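> Work the whole structure out from these sequences, hints included.
The listed protein sequences derive, respectively, from chains F and P.
Position one of the first sequence corresponds to residue 0 (numbering that gives the first Met the number 0), numbered consecutively onward.
Position one of the second sequence corresponds to residue 0 (numbering that gives the first Met the number 0), numbered consecutively onward.
Since the hints were made in silico from the structure, they are not lab data.
The structure displayed is predicted, hence computed values, not measured ones.
Each residue gets a CB set at the ideal place from its N, CA and C atoms; glycine is no exception.
Please note: incorrect hints may appear among the correct ones.
Just so you have them, the derived chain F footprint on chain P, three or more residues with Cβ under 8 Å [claimed, not checked]:
| hint | region |
| --- | --- |
| 1 | 485 to 491 |
| 2 | 679 to 692 |
Which bits of chain P does chain F cover? Going by a derived footprint, with three or more residues having C-beta under 8 Å, they are [unchecked claim]:
| hint | region |
| --- | --- |
| 3 | 831 to 842 |
| 4 | 872 to 881 |
Every beta carbon over 12 Å from chain F, so not counted as near; a handful from chain P, in silico [said to hold, decoys possible]:
| hint | residue |
| --- | --- |
| 5 | Phe-291 |
| 6 | Ser-406 |
| 7 | Val-574 |
| 8 | Leu-644 |
| 9 | Ala-668 |
| 10 | Asp-889 |
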Amino acid sequence: MMPALRALGLIIIGGLVTIGVIADQRERTIEELPLPVIVTASDSRTGTWFCAGGSGAVGAATIGLEVVNAGLDDATVDVQVVQADTADEQRAEVVVPAASRVAVNLPQLAPEATWLGAIVESDNPDVVVEQTFDGLSGTDRAPCATTTGTVLFAADGATRLLAEGESMTLLLMNPYQDDAIANVRFDADVGPDSISAIVVPARRIVAIDITDEVTVAARIHTSVEVTSGRLVGNRLQVRNGTSVRGLAVTPLLQDGAVLSVVPVVATELGLFDRIHVTNPSEEAAEVDLEIVTDGSVTLDPIELTIRAGRTVVVDVAAESRLAAFSQFSVVARSLTGQPVAVAVERRVELGGDLVTGTAAMGALDAVASEWIVASDGNVAELSVVNPLPDSIATVEIWRVGVEGETLLSSIDLAAGRRQTLVAPDFDARDILRVRATSPVVVGRSSAGFTSRQMLAGVIADGAVLLDQLG
Amino acid sequence: MADIPVSDVRPDMPSEQRAATPSVTAVVVAHDPGAWFEEALDSIVTQDYPRLDVVVVDGTADGGLAERVRAVAPDATLIDASDTVGFAAAANTVLETDVESAFLLVCHDDVALASDAVSVLVTEALRSNAGAAGPKLVEWEHPEVLQHVGFVVDQFAAAAEMIEPAERDQEQYDRVRDVFAVPTACVLVRTGLFAAIGGFDPGITRRGEDVDFCWRAQLAGARVLVVPDARVRHRSDLVGRTGVDDIRRTRARHQLRTVLVTGGRVRLLGTLPLLMLLSLAEIIVAAFTARFGQVRDIVSAWTWNLSRLEEVRRRRAGLRPKITVSPGEIRAGQESGSVRINAFVRGQIGRRDRAFGEELITVMRTGTTQFSVLTWALVLGLIVFGSRSLIGGGVPAVGDFVAFPESSGNLIDTWWSSWRDRDLGSVGSTPTGFGLLGILAAVLGGSLGLVRTLWVLGPVLFGLIGAWRILSVTGSRRAQIATLVAYAALPLPWAAIAGASWTTLGVFATAPWVLRALLEAQACAPFRSAAGPTRGLVSASVAAGVAVGLAGIFDPVVAIVTVLVAAGLMAGALVAINPTGVVRLAAALVGAALVGALLTLPVSIELLRSGLPWHPFTDGRTGDASTEPLTDLLRFAIGPDSAALFTWAFVVPMTVPLLVGRAWRFELAVRLWFVALVAWGIALAAVHGALPFGVPEPGVLVAPAAVAVAALCGLCVSAIEYDLRRDGFGWRQVLLPVVIGAAVIAALPGISGIADGRWGLGRGGYENVLPLADPALDGSYRVLWIGHPDHLPAQGSPFVADMAWVATIDGLPDITERTIPAHRGAYEQVELVLDAILEGDTSRAGRLLGGLGVRYLVAVERLAPAPFSDIDDARPLPVALVETLDTQLDLRRLAGVNSALRIYENTEWTPVRAAAVSTFDEGRTSLFDLQVAPITGTIGVLVGDGSRLEGTIPDGVELFVAQTTNGGWRLEIAGVEAAQRRSLDWATTFVPSSRGGEAVLAYTTPRWKQLVVIVQLLALLGTVGLAVRRLIGGRR
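So this is what it looks like as structure tokens:
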């Protein structure tokens, strides 16, 4: 009996130890918090808006805010002015009635400020905050950012002040309680340059006059690497020359993306659109710029090889095969996997039939099922892009009014297609909601009497990072 | 020594000169004397000294003594001292008479003096100018055997003989000598001296009055002599006469009393700690030799004296004016070192002690006992050596080793209150263990540091004692030794110290006792109780319950050990095809749970009232997978730098009883293996995230395996002793050298850990690296700690995988906030905010946390700050959490802080007790309303500790108290109670009914809870009493 029992005991114990050892070989699912999916495109649901700023009452681009309530209830927002010269915080509480816009005169809150921006907070996800700029060379408009970044890009710029009246200013805003430190690197046609260890104090703005730093450059690509903290920024480009005149204020692109969409590119006569693709990584990037049209034709992509740390500029007008398309969109796809920063800049020179001016916008890194667009300008266009390869999106455009929402238009967008709606399908000052059954990208462009604008819509719901879609 | 009158009178003077001879009064203190009394009295009456009066003090006064005295000494005076207790008080009654003689000859009733004894004593006293003189005492029946020739005394008032036991009188001591003390059996004292120092100490009933008297006499400037030419026979059978053997107890008490009364203040500062250490050492030795009566006597010596401190103070005050000699001179006359230790070695400590000494020496002559004592000495020596930095420098406040409050009073107060400040405040009892530690610290004169060190190292000692006892029923001392050594050599306790895990230490301490109790409950060989199956089961249940209860009063998590051990034993019983006792084991579990619940009142009641929540047992863990590999669990490598490669060698002795054991040794081996396997299995499941609930840290889970491994090592020795020797020469015999080799190798990790004197525990805690504001400046605040559960300064609530949180008031918590209460108050508010931060749903975490009174958010990434911890042991915050924290608009990261921490200061915090305008929370119905409408314009008010806060409240304000609403809190301003209302759906705002003024915010602990604590204390006292009685009874 004893030997058998002993054998049984040994076998069972040995077996259990073996099972344990084998079980331990199984790969463990270590629960790790997923990194937050940061959509750098403005998203109204965050409720916090970082308006990186412009000049004060006397300056090249006097900043104002336009708070747009795309909801059916009144909203209250808290505006905190952030200045370059002082950490003193001016606050204002603004009530925005339903389905309306309220302009906030920021310089009035801080009359002494030379450069100022704002942090706007709202608990209403229907509120959108945009920054408006007004200067001698024109006006512009840009959505405030809802995220901050550690790598920021300004795709284009020029500083030929004497020859062309071009001046460029970089505004960096630190909305947080800790000082931030950043290095700025320039890749210009006159050679590379850099500024190291710029301290952006907590809750302050720092304005960098690039015109002084990189002089007489026809083309400057700027990248900002934030070594401590996080920042938002604006690039102020003033062109006041003989051929071109305009003010273009562009939020700095944050972080770059493997896949991004420029919703509005045009080749119309007199419009000079240029696409800038920056590769901030330390290895060369292969990037395809896929042309998305209204469906009449399918084109091969523009294939780019971009060296590490360099920017490639694609002059759309120079691509003769695109001449047939007055408007199209571009999907920038980094084939080698590095995030790249893509932006488009439009220039309409003096002397033509078109309203002169400059405009610029960055590519969007996300699609969404609902967007808010606060249209503006005399001539406004709304571009809706379905960049997904295998879904048809039914897109509805609603006008938000005090009496409620009104359906303006409904369109079906096939996979990889786009469409442009032009006022008077909608009023130039309408507040629009774009709802789609499948995520889309919405952009807009407009022309006023003296200036032009290109800017993205603001995500209202259902945002998906394009990188995640592959 | 000049103030004692001196006469130059000799006894051989002519009769006409005898009138100048100093008179002597013989004071015979009689307590119901036996037949020898007449002989004794006659020896005094027949002295050749001419001026000798006799006074008989009758300490019993039963009426019979007067006749006996008259029959022998008709001129003697009889004093009725029946209202006195003890020799000293009875002898002192002579001072109440008009005694005019120059000398008193104080005698017991059992001494017979040689006819010239008084003459010789007086002559020498006069010649030597002595204050007190004692004769040579010899045995009554055997006058050729010496009994006393004076005492040597050390600074602890311990007296020892100058002669060897049963030493024959060969006149080798016949020289007049100064001694420190002479026995009161017969002593000649100058009457003036006797009166001046108040006679004997009446508080000393018997034994020790001689040393006390002589000490005080010397402080008063008198010499004490022994005069061997004066010869006195002495019966000295007090125990036989009283029928009470309380030698050790009375001697210990009275020695301490003498030290307290006679010692100078400065000298006492050195003497008392030394005496404590000696007492502690004696307790340890006595405990290890199962002499619990001795333990009781030593402990009672302290308690007895502490209860008479006022009396001691009075006697000190009375003695002070009489002191003419400095304590330093007295010390010079005392023995250096401890005469008790010397006397013990020489076998001279009293009758009972001498027997003990002799017995010890006898048993020491047996090899195994000698080996046991040596092993214990070695193990304890290594532990003390390995812990030298912790003992000498204290234990840093890291991990579970939380700091104690500033005073023992705070510790006791917090324990007595049922309000817990941790998290957002809640009603929950502080574990009673900490209250008892506070009481212990108070008893030790407020030495919280010592108590804290004992709290950390004590569990190791208890665990080792428990391990020693596991296999005591086998009758193999070698098996016990092997178990002890193995348990000490396993890396678990040392890794637990290195990782500052008290819970693991608690389980380490408890597991052996629980294992032994549950084995007894199973009633399998060799653990069957002689008391019968039912009584054995009850006894085992109580033992297991007591073991868990005593550890549970410090940390309820320890209770988990019972379940693990029981599960292993059940599984083992089934595999051994001997399911005997499985049902009994289940019954024992129930019994142990009941006993444990009784001892851990009121925490157990709170757990029941809260529906037996699981969170107090998870130690902040979510149940998610972690990274520990099975190999680490098997080797108990659970702490920082726990390589412990050699631990694998334990496999050899663990396997031996399986291979060669027979009968109960094999069955027991199987059961123990299954205890280990179940513990390891559950730990493995836990680290793989296979359990649907959180469980404590791996160290706690594998502790039962550790005790099983140790017991298997002991069983290995037993199997070799009983089973291997019966086999003929074969492969089994090879096991012996292999086992010995493996044992040596296995012990290496434990030995290697002693190098730094602190088992790898860091040298400093976070208290000096946290740049937290003084709460006295801006008001009280909370600190929200986030980090790995092992690194948090208190048990946390699970947050995300491997991360937990805890909130504390005004900085680092103290020990009273370590455990997590059953009812956590409004803790979910914190979790809602943390979720919002994690999900990126807010950029105003500061405002939300500010509403909770949180001023700082501290992410602890290591157990101890740099440079006291290794960066490789860091558990950084998840990147996602860092990202979201860094992007909060109102959290400012404090720069330049220790690399083991990330600290964010909340720029929008609100004091925990904030005076605010009456509209401060208007329109804010929940915490999250503060995101857009923060509380502003508040000032911190009311300061204090725990559950009573005081201060001034300005006019026209309300008091917002950011803690869980509870009706037990009351605010009174100038004696008028303020109304209360709920704020932000979780906190309280007090609305003063009148103007501001001096205010008191206080929490009243419910009476029933205090009654429950008293019941618990009674249960604990009863348990200790029962345990002592049982152990002493078992000894007898």
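> Check each numbered hint against the structure and report the violated ones by number, ascending.
1, 7, 9, 10
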